[in-house]
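2 protein chains.
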Amino acid sequence: MKFSAKPVKGTFDVLPEDMELRNWVRNVISNAYLSRGYTQIETPCIENLDLLTNSEGGENLSLLFKILKRGNKLDFNDLSENALCDLGLRFDLTLPLSRFYANNRNELPMPFKAFQTGYVWRAERPQKGRFRQFTQCDIDIIGDKTIYAEIDLMLTVPKALYDLGFRNFTIKINDRRLLKELVLAAGFTESQFDTVCISLDKTDKIGTSGVISDLQTKGFEDDTIRQLISSLEIDLENFDSPYARDLKKIMDVTAKYYSILFDPTLVRGMGYYTGPIFEVVSDEFKGSIAGGGRYDNLLSKFQNESVPAVGFAIGFERIVAILKERGFTIPKRDKRKIALIVLDETFTDKAIALSESLIAQENIAAIHYVNKKKLGKKIEALEKEGYEKIQIVDENTTEESFKSI
Amino acid sequence: MKFSAKPVKGTFDVLPEDMELRNWVRNVISNAYLSRGYTQIETPCIENLDLLTNSEGGENLSLLFKILKRGNKLDFNDLSENALCDLGLRFDLTLPLSRFYANNRNELPMPFKAFQTGYVWRAERPQKGRFRQFTQCDIDIIGDKTIYAEIDLMLTVPKALYDLGFRNFTIKINDRRLLKELVLAAGFTESQFDTVCISLDKTDKIGTSGVISDLQTKGFEDDTIRQLISSLEIDLENFDSPYARDLKKIMDVTAKYYSILFDPTLVRGMGYYTGPIFEVVSDEFKGSIAGGGRYDNLLSKFQNESVPAVGFAIGFERIVAILKERGFTIPKRDKRKIALIVLDETFTDKAIALSESLIAQENIAAIHYVNKKKLGKKIEALEKEGYEKIQIVDENTTEESFKSI
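Chains as they are written, first to last, in full-length UniProt numbering: chain A, 1 to 405; chain B, 1 to 405.
Check before you lean on any hint, since a few could be wrong.
Copies of the same chain look alike in the list, so a pair counts if it fits in one copy or across any two.
Calculated lysine-lysine pairs in the DSSO-like style (CA-CA distance at most 27 Å, straight line) [claimed, not checked]:
1. 218 x 384
2. 69 x 9
3. 377 x 286
4. 337 x 384
5. 256 x 332
6. 350 x 374
7. 403 x 256
I should point out that these hints are in silico values taken from the structure, not numbers from a laboratory.
With these hints in hand, go ahead and build the complete structure from the sequences.
Listed below in structure tokens is the structure:
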């Protein structure tokens, strides 16, 4: 029986060239974060199923990969999925971070400034640019209730994007509480807030007129709708709300470095956000390449006190896809890539000694044992692989032979 | 309901300090491999269940984490695990590599020299040093049937171990075919080979006398056993076998750089090995820290022709544990770690500008917004976090303030 060599539906193999790009993106982001005093952590890819299913994961909960119980623990008295399974693959890095913090807080500084990069899994219908296994890249500050946490993130994440080569981007910012004030002031009720948000969230795609018809379709009064739309024209400067004042402060500091814009229609999907929310957009691509917000209640799942937290995630797969579309090439490393060809095995030892010496001098040096008849084809292949110097090792070869390329 | 904050049984959270160590180990290995012309790849953590269960995974197959089917695909007509599940977590990196190679071979150089580092999962009974999610770190050459593949690995993997700080280690080497020749020549039958290997494999633990009684317990003739034990004293130099000659060649080249020893009792567990096998041991720790061998038939699972392959894996978790036990500290980065303290928010902009300038000069610079009353405690905490320079930002602070530490 021959098996299919295709990876699991919705997942992908990473070939050497893509791996280099992914490593480069990861390193650029890590360096931007480490330089600003953030530390890196990691959590397991699997979590207990009851933790996952009782989280604020929203629609991600219907996309869980669940792991069957093993051995005696597996019985078939109850055929519900949550009785058959005890573990699941994580669907994001935020829930694991909350668990991590509760588990290790005594060993962590306060506030805790951390970042993590790792795979997450969602059983989505596979489509272009949407995967079942993909990398998330999160940065969070836990234990700081002041807006200085937001300010720190607002200068750190855009720096990573800048270092990745992105230029004409804008940070859009709003506050969930401010948004709620506006919606309630327009005459909507508390229980209508979520559905109004779903309409507002479409502003980017369907424009203000589209939002108005969307709200009309939902049966809301024209007056209430008109009131909301006009209140969205608010001037942050003159709006009497502590949330507006805080947004203003965050924006004033950030604007010295990056383009930042107040957008009262910004909603962000996740239900757990409790304060400022933000995302990074650009005319150069559709959708956002980074987003986040404050989630002060999520960590109370593990402890009785509420712990303030704010996070910002870079769309790793998005970034990689955009860079590939642009034909981006990784800034050239200063290492030379040298191939030492052995046609005659009596020169094996010599080739090894030469290569070790070249490697010690910070070169990439690989030995290739080649059949004389296939030499031409081999050299062609090595050039394609990016070898800058290709040298046949024989009695005349010395270190001098590699001095120039 | 409060949830347990512990990670899933047998898995672990990685705290910042451990993460630094793990990243360092990964980088040292990557650099040793990249410098010698190997390229990095990655495969998904999940594979199709029928692929996993029909592999040469041996006892790992009973340790599989299986993933429940989703949606309509899940029915309960058949309650066997392999009918309820369609995916599984990978238990090693070798099977995924074989699939990867078959899937992408047209885009890969020949021979293909690759390495990969990633998590694998096995539902083992958790115990000290044995995890259910752990990192494997493999390097392989696919498509080279000559011993130059073994030689290349024999100089590459030990270099990584050397760069990780390991010194007094020895490479033990044997050949599965040579071992079989010896066992059959002693009078055992083909079908007894595996059980004889299981006994021989214990030589390190129970000595030759232990192996003899083990074979006696299994009911073998004293004469046959004596014949085997004496044949294990073979002199590679004078033994008339192509396998012995090849081993001798590999050892001659390698011995110029590393300690390498022929060990006719070396077995290595995996059933798929077809030629030379090897592992790295040291008096400084129990067991091996790296091991591998040639597996020329594994790739025929996906294609009709057989594709030669040889691999070498470093015991990543083992290495990390040994380094931690030794109290190893990562070679100091040349970046200074600077804390800028803001006690008065009027200095926020100044602190940010200073920190960005310090970061641009290759420092790590983090801003800490501190309540005056908590300053002493905060400084203590920052010193513990390894900040070498802690500076309160006020009207007198300039770039000069950070010139020395």
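Verification of the hints:
no.	hint	verdict
1	218 x 384	neither (59 Å within a copy, 57 Å between copies)
2	69 x 9	both (23 Å within a copy, 13 Å between copies)
3	377 x 286	neither (43 Å within a copy, 47 Å between copies)
4	337 x 384	within (12 Å within a copy, 42 Å between copies)
5	256 x 332	neither (31 Å within a copy, 34 Å between copies)
6	350 x 374	within (22 Å within a copy, 64 Å between copies)
7	403 x 256	between (48 Å within a copy, 25 Å between copies)
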